[in-house]
Amino acid sequence: MKVINAILLIILFTVRLNAQQPENDATTVSIKAITGLQFDVVRFHVKPGAKVNLIFTNADDMSHNLLITKPGTRLEVVDSALKLEERAPELNYIPKSSQVLWSIPVLSPNQTKSISFTAPIQTGAYPYVCTYPGHGFVMYGVMYVSADGKMPDIKNDPNIPPSRKQDQDVHAKMDMHSVQASQKTASHPYEPIAPYLYRIFMDDASPAAIAVSLPSDLSYCWDPETCSLIYAWNGGFIDNTELWKGHRNANAKIIGSVFYRENTTYPLRIGNLQKTPIVKFKGYRLINRYPEFHYTIDGVDVFELILPKKDGNGLIRTFKIPNANKIVCFYPNVENESAEYEFSAGKLEQGVLKLTAKEAMEFTVTMTNYSLVYARKKK
Amino acid sequence: MPGKRNKMKFKIFYSLAASFLIFVSAILVEHDPVKEAYTVENIKTPDGLTAETGGITFLPDGRLVACFIRGEVMIYDPKSKEWKLFAEGLHEPLGILAVNNSEFIIMQRPELTRVKDTDGDGQADVYEKVTDDFGLSGNYHEFNYGPVKDKEGNLFVSFNTASPGGNVKSKIRGEFYPLGRDNQPGLYEMYSVVPNRGWVMKVTSDGKIQPYASGLRSPNGLGFDQQGNLFVTDNQSDWVETSTLYHIKEGNFYGHPASLVWTKDWKRGNPFTIPINELDSMRTKAAVLFPQGIMANSPSQPLCDITEGKFGPFAGQLFVGEMNRDRIVRVMLEKVGGEFQGACIPFIDGHGLRKGNNRLAFAPDGSLWVGQITFGWGGDYGIQRIVYNGEQPTDVYSMKLTAKGFDLTFTQPLDKARAMDLNNYKFRHYYYKYQRKPKNEGADLSTQQDLQNVSVKHIKISADRKKISLILDELKPGYIYELKLGDITNAEGKPLDNKLICYTLNKLVLADNSK
Chain X
20 MKVINAILLI ILFTVRLNAQ QPENDATTVS IKAITGLQFD VVRFHVKPGA KVNLIFTNAD
80 DMSHNLLITK PGTRLEVVDS ALKLEERAPE LNYIPKSSQV LWSIPVLSPN QTKSISFTAP
140 IQTGAYPYVC TYPGHGFVMY GVMYVSADGK MPDIKNDPNI PPSRKQDQDV HAKMDMHSVQ
200 ASQKTASHPY EPIAPYLYRI FMDDASPAAI AVSLPSDLSY CWDPETCSLI YAWNGGFIDN
260 TELWKGHRNA NAKIIGSVFY RENTTYPLRI GNLQKTPIVK FKGYRLINRY PEFHYTIDGV
320 DVFELILPKK DGNGLIRTFK IPNANKIVCF YPNVENESAE YEFSAGKLEQ GVLKLTAKEA
380 MEFTVTMTNY SLVYARKKK
Chain P
36 MPGKRNKMKF KIFYSLAASF LIFVSAILVE HDPVKEAYTV ENIKTPDGLT AETGGITFLP
96 DGRLVACFIR GEVMIYDPKS KEWKLFAEGL HEPLGILAVN NSEFIIMQRP ELTRVKDTDG
156 DGQADVYEKV TDDFGLSGNY HEFNYGPVKD KEGNLFVSFN TASPGGNVKS KIRGEFYPLG
216 RDNQPGLYEM YSVVPNRGWV MKVTSDGKIQ PYASGLRSPN GLGFDQQGNL FVTDNQSDWV
276 ETSTLYHIKE GNFYGHPASL VWTKDWKRGN PFTIPINELD SMRTKAAVLF PQGIMANSPS
336 QPLCDITEGK FGPFAGQLFV GEMNRDRIVR VMLEKVGGEF QGACIPFIDG HGLRKGNNRL
396 AFAPDGSLWV GQITFGWGGD YGIQRIVYNG EQPTDVYSMK LTAKGFDLTF TQPLDKARAM
456 DLNNYKFRHY YYKYQRKPKN EGADLSTQQD LQNVSVKHIK ISADRKKISL ILDELKPGYI
516 YELKLGDITN AEGKPLDNKL ICYTLNKLVL ADNSK
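So the sequence lines, in the order shown, correspond to chains X and P.
Counted from 1, the first sequence has number 323 at position 304 by this note's numbering; the numbering is strictly sequential.
Counted from 1, the second sequence has number 305 at position 270 by this note's numbering; the numbering is strictly sequential.
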């Protein structure tokens, strides 16, 4: 299906460009420099000897030029541009070389310039590239000169930037299976096995968030800003693809569905229950690879460890408050009506778990989420 | 056919003699005459690792520790050439400092973190917050750099401003202060709407973080010299007309206005409305400017050569990584009128070096290790090392300002005739304007102002033929003096390794101090 889509798109693309190439008339090609050091069009084709009208627009906020080079000489030209050194700015970073066939000087944002030329008679792949320092290694494309208009499969086209080879199957990425498949290609020099975590940008969390993958396909997001579990999901873990591309605003995407969402900013209180507590994150220690978070609530040390329930139907949260010296309250999320809570200690009074200082030295809150029970049954 | 036979014999004799001669000459000539002073070697990184290098440093036991953008911390043993995973899951770590063989302080996006192996299994089990007392808007460009340690044990880190190419999140950390962003028309103003974006910060040994110096834009690199002076690089664009090396002093402002809003008791409101002349008088100028498109576009970490000769003749000078091309830059500083200024010159171009040179560290054997990064920009992946082969480079050792010109000292005696040829010294001067980025100008465009050729009036060579004294037609403070050296060679006819050198002339040498 994906292959058919790609072929279809290539055909459409080809037809569109061909449509702009009537007999005895110039082929007009518009190329824009766009954000992220790239050209919007990374390849096009013309017939040998065709008149070409190339319109280049800088739609980015950086400076860009455009050079068309002889086949196979892109990197050489990029290198000669770097060697211009002190003469580079005045020459618009365009080396005087027989390998440069045509060029458009450095354009500022929103500037447009066009050139007209006659395409070579010699068929081949003629690279175009921006030789502004640092751009030439990633910012390029290719003009195919051929009578039949054939271009290689875009996925295997060696003349376009690697990041652009998948352009044609962007929509296929929405497919859950392909997301999980892409997770399986090596992200690290080791196979991550749950439990493991990332500090990473997450949706609906502060920028300091921690995402933890647990066994039994459970995951949760814990926020050091509020020092609390803020949501949990089952399915896969997270997809970091967009973030790891770098140089863009992006969050990790959770894979799966959220089964729990905290409704209280500070579910744990020590002593004064009316006052908004002051929480401070201190760090975490790995216990059998599970993070045990350390934080303080109004100056009192708290340790929190979150494990999956053995049957995979929820989470077990163990809190240790060695020196509470005061009453401790825990507010279970009552809005989560399909969840059941069990407490190892304390008394539930009007929906609030109350613990003595001694009980609070170590207690667990076990959450059984019926959405997980039913999902598992369906399997 | 006897003749033929004799010819054969003669041929055999001849080739034997030739091989003998080659053999003898190989023994007699210790150094291959074409041997380069420096060689670049690739370090193989583990399969599956995306080697976007955020930080490298050496442990007391001689192993290398490196952190990578996807959160791994890995240790490399140069003897066994093996990599081991030490820690994982960090958020975009961009700097690492070794406390000992099993404890590191790492600057990651949300936190300065102490990462420790406490049970001796070779893997970290404790991730302890040192400080997270700084703002995060969620903007992708709020990178954090450092830490470096001073002689008293204080740590220094620096915080990048946010980019207009990205937004802020609805949930942020720290106070939100919108006046840290320019709201005049224009595209490129980097911003500081959470504390203390655009600052160098000091972290004391008890974990308290204090604002130290402001006015930075993209300060991707901190380093101390051997005297304890702190240097930080900054990257060209709005307000930073060309990339810089700053000598950082407490309380100083270095030119990018956004960060000013986090100045203690700041009462001036929008810092972008302060008249340019006033901003100019408030700022401390760069010790060294790296001309854009000529020397460096994205300088990274400055590292002082502490190898005492193990890495060649440049002990005490600074090496600076360059992201945009296959180059490491060398910086030669001097104090003029009480402040640092000086020159930059390529140290190594090409020779197998990749681009994206982000982090530098000296190994105990004196080799210079380089970590590369790209992260959505025009860089590269991996780790390399540069080894000094013991062959003296043919290079400029220092460039010093005199009352009327410059003294150039070379690493080797020069061929006198070539060295005395005035045509081999082409000077230009120009400056870059301190300004808000003009609307509609490319973010990475820099314009050289008052670009002029400057002629050399007089030349003198020292008795040891290593020092050239040049007298120029004129010297103007506030200008870069760019020197392109021509066909100069050492006494054996070997050409110079690097020929382009740019001196940032902030202050003139007073005439009576010149001797």
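Honestly, I wouldn't trust all of these hints.
[What the hints assert, rightly or not] Pairs of lysine-lysine residues, derived as DSSO-like cross-links and limited to a Cα-Cα distance of at most 27 angstroms, are as follows:
| # | chain 1 | residue 1 | chain 2 | residue 2 |
| --- | --- | --- | --- | --- |
| 1 | P | 186 | P | 79 |
| 2 | P | 79 | P | 204 |
| 3 | P | 186 | X | 264 |
| 4 | P | 204 | X | 264 |
| 5 | X | 301 | P | 284 |
| 6 | P | 164 | P | 320 |
| 7 | P | 542 | X | 115 |
| 8 | X | 339 | P | 164 |
| 9 | P | 204 | X | 299 |
| 10 | X | 102 | P | 534 |
| 11 | X | 272 | P | 451 |
| 12 | P | 164 | P | 116 |
Because the hints were derived from the structure by calculation, they are not lab data.
Tested hints:
With a C-alpha separation of about 34 angstroms, the suggested pairing of residue 186(P) with residue 79(P) is violated against the 27 angstroms cut-off. Taking the CA atoms of residue 79(P) and residue 204(P), the gap is near 38 angstroms; set against the 27 angstroms cutoff, the hint is violated. Simply put, residue 186(P) and residue 264(X) have alpha-carbon atoms about 38 angstroms apart, too far for the 27 angstroms limit, and the pair is violated. For the suggested pair residue 204(P) and residue 264(X), the alpha carbons sit about 19 angstroms apart, so the restraint of at most 27 angstroms is met.
Among the hinted pairs, residue 301(X) with residue 284(P) is inconsistent with the structure: their alpha-carbon atoms are about 31 angstroms apart, more than 27 angstroms. Between residue 164(P) and residue 320(P) the alpha-carbon distance is near 35 angstroms, which puts this suggested pair outside the 27 angstroms criterion. Using a Cα cut-off of 27 angstroms, the hinted pair residue 542(P) and residue 115(X) is violated, with the two alpha carbons roughly 37 angstroms apart. Annotation: proposed proximity of residue 339(X) to residue 164(P) holds, straight-line Cα distance about 19 angstroms (limit 27 angstroms).
For the hint pairing residue 204(P) with residue 299(X), the CA-to-CA distance comes to about 21 angstroms; that is within 27 angstroms, so the pair holds. Of the pairs offered as hints, the one joining residue 102(X) and residue 534(P) holds, with about 11 angstroms between alpha carbons and a cut-off of 27 angstroms not exceeded. This hinted pair does not check out: residue 272(X) and residue 451(P) have alpha carbons roughly 67 angstroms apart, beyond 27 angstroms. Proposed proximity of residue 164(P) and residue 116(P) is contradicted: the alpha carbons are some 32 angstroms apart, above 27 angstroms.
Comparing the model with each numbered hint stated earlier shows that hints 1, 2, 3, 5, 6, 7, 11 and 12 do not hold.
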